[in-house]
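Asker: Each chain is listed here by its residues.
There are 2 protein chains.
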Amino acid sequence: MKVFPYKDIEAKDANEGASKLRVRWLITKDIGAKNFAMRLFEMEPGGHSPFHSHTWEHEVFILEGEGHVVGENKETKFKAGDVVFVAPNDKHQFKNSGKKTVKFLCLVPYMEK
Amino acid sequence: MKVFPYKDIEAKDANEGASKLRVRWLITKDIGAKNFAMRLFEMEPGGHSPFHSHTWEHEVFILEGEGHVVGENKETKFKAGDVVFVAPNDKHQFKNSGKKTVKFLCLVPYMEK
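Those protein sequence lines, which keep their order, are chains G and V.
Per our numbering, residue 289 is the first one in the first sequence, and the count goes up by one each step.
Per our numbering, residue 289 is the first one in the second sequence, and the count goes up by one each step.
Bound-form chain G, shown alone (with noise of 0.2 Å):
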């Protein structure tokens, strides 16, 4: 068992394609976690994850702040305390449209077991 400040892992920039997005990957395989990763995502204001879709899920639970999440054809807002699931293949883009640092978890599987 393990247990541990999340500020303990670093924040390293995230992805091409995102802007103002840092990540820490919390749980992951290099501590015996071999079906799903735990990452927490801090998203300045007028930050973005890529506007993009592949074929795994999102499980996310938005922790501080609000903002917009992106899909193909609409935006819908959300804030702490929401919940996004973001099916395999939907287009999504998470946006930060507030004033605060968004911070959410998002959750993804380990695909190649």
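No lab work stands behind these hints, which were simulated from the structure alone.
Just so you know, even glycine gets a beta-carbon here, dropped at the ideal spot from N, CA and C.
Where hints are given, some of them may not hold.
As the list claims (entries may be wrong) - Over 12 Å on every C-beta distance to chain V, these chain G residues come out as not near it, computed from the model:
hint	residue
1	N303
2	G305
3	E332
4	P338
What the hints assert, rightly or not - Only pairs whose alpha carbons sit at most 25 Å apart, straight line, appear in this in silico PhoX-like list of lysine-lysine:
hint	chain 1	residue 1	chain 2	residue 2
5	V	K388	G	K290
6	V	K367	G	K362
7	V	K317	G	K365
8	V	K308	V	K367
9	V	K379	G	K317
10	G	K322	G	K295
11	V	K295	G	K365
12	V	K308	G	K388
13	G	K365	G	K388
14	V	K362	V	K300
15	V	K367	G	K295
16	V	K295	G	K290
17	V	K308	V	K379
18	V	K290	G	K388
19	G	K365	G	K290
20	G	K383	V	K362
21	V	K362	V	K317
22	G	K362	G	K322
23	G	K317	V	K300
24	V	K379	G	K290
25	V	K308	G	K322
26	G	K322	G	K290
27	V	K290	G	K379
28	G	K290	G	K308
29	G	K322	V	K379
30	G	K388	V	K391
31	V	K308	G	K391
32	G	K379	V	K322
33	G	K295	V	K322
34	G	K290	V	K367
35	V	K379	G	K367
36	G	K367	G	K308
37	V	K362	V	K308
38	V	K379	G	K391
39	G	K308	G	K322
40	G	K387	V	K290
Assemble the complex: chain G is given as a structure, and chain V must be docked to it using the hints.
Answerer: Coordinates of chain V only, in the frame set by chain G:
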């Protein structure tokens, strides 16, 4: 894509062996999550989960409050912002040893796929 406040999902009493513990199943197979489920637990002061083990892991994020997680041979404090990874077959129990409700996310894989 689905976006909803966690409170939209009903809180139900947790399993036998737990006390003052309720669970909301936020993301499940019912909305298309085939690999793992997101649950949110609310544990009142003095409450606890069962002391048990099982063949699947837990990926936990503490949202609010403080308490202890009990393992085979030790207790470890946790507080808001902490991450807990319980490996398969690790004995574990979550206890609210603080004065406020503890809220935590606990994600589990779907094993039968």
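Asker: Please work out if K379(V) and K317(G) have their alpha carbons no farther apart than 25 Å.
Answerer: Roughly 20 Å separates the two Cα atoms, so the pair holds.
Asker: Given the hint that K308(V) pairs with K391(G), does the C-alpha gap stay at or below 25 Å?
Answerer: violated (29 Å)
Asker: Are K295(G) and K322(V) close enough, with their CA atoms no more than 25 Å apart?
Answerer: Answer violated: K295(G) to K322(V) is near 30 Å, above 25 Å.
Asker: Could you grab the alpha-carbon distance between K379(V) and K391(G) and see if it respects the 25 Å cut-off?
Answerer: Violated: K379(V) and K391(G) sit about 31 Å apart, past 25 Å.
Asker: Compare the distance between the alpha carbons of K290(G) and K308(G) with 25 Å, and conclude whether the hinted pair is satisfied.
Answerer: The hint is violated at about 30 Å.
Asker: Check the hint pairing K383(G) with K362(V) against an upper bound of 25 Å on the C-alpha distance.
Answerer: violated (42 Å)
Asker: Take a quick look at whether K308(V) and K388(G) sit within 25 Å of each other, Cα to Cα.
Answerer: violated (34 Å)
Asker: Please confirm whether N303(G) is truly not at the interface, meaning its C-beta sits more than 12 Å away from all C-beta atoms of chain V.
Answerer: holds (20 Å)
Asker: Evaluate the condition: distance from the CB of G305(G) to the nearest CB of chain V exceeds 12 Å.
Answerer: holds (18 Å)
Asker: Tell me if the straight-line CA distance from K362(V) to K308(V) falls inside 25 Å.
Answerer: holds (22 Å)
Asker: For the pair we were handed, K362(G) and K322(G), check the Cα-Cα distance against 25 Å.
Answerer: violated (34 Å)
Asker: Holds or violated: K308(V) and K367(V), Cα atoms, limit 25 Å.
Answerer: holds (18 Å)
Checked against the numbered hints above, the structure breaks hints 6, 12, 14, 16, 19, 20, 21, 22, 23, 25, 28, 31, 33, 35, 38 and 39 and satisfies the rest.
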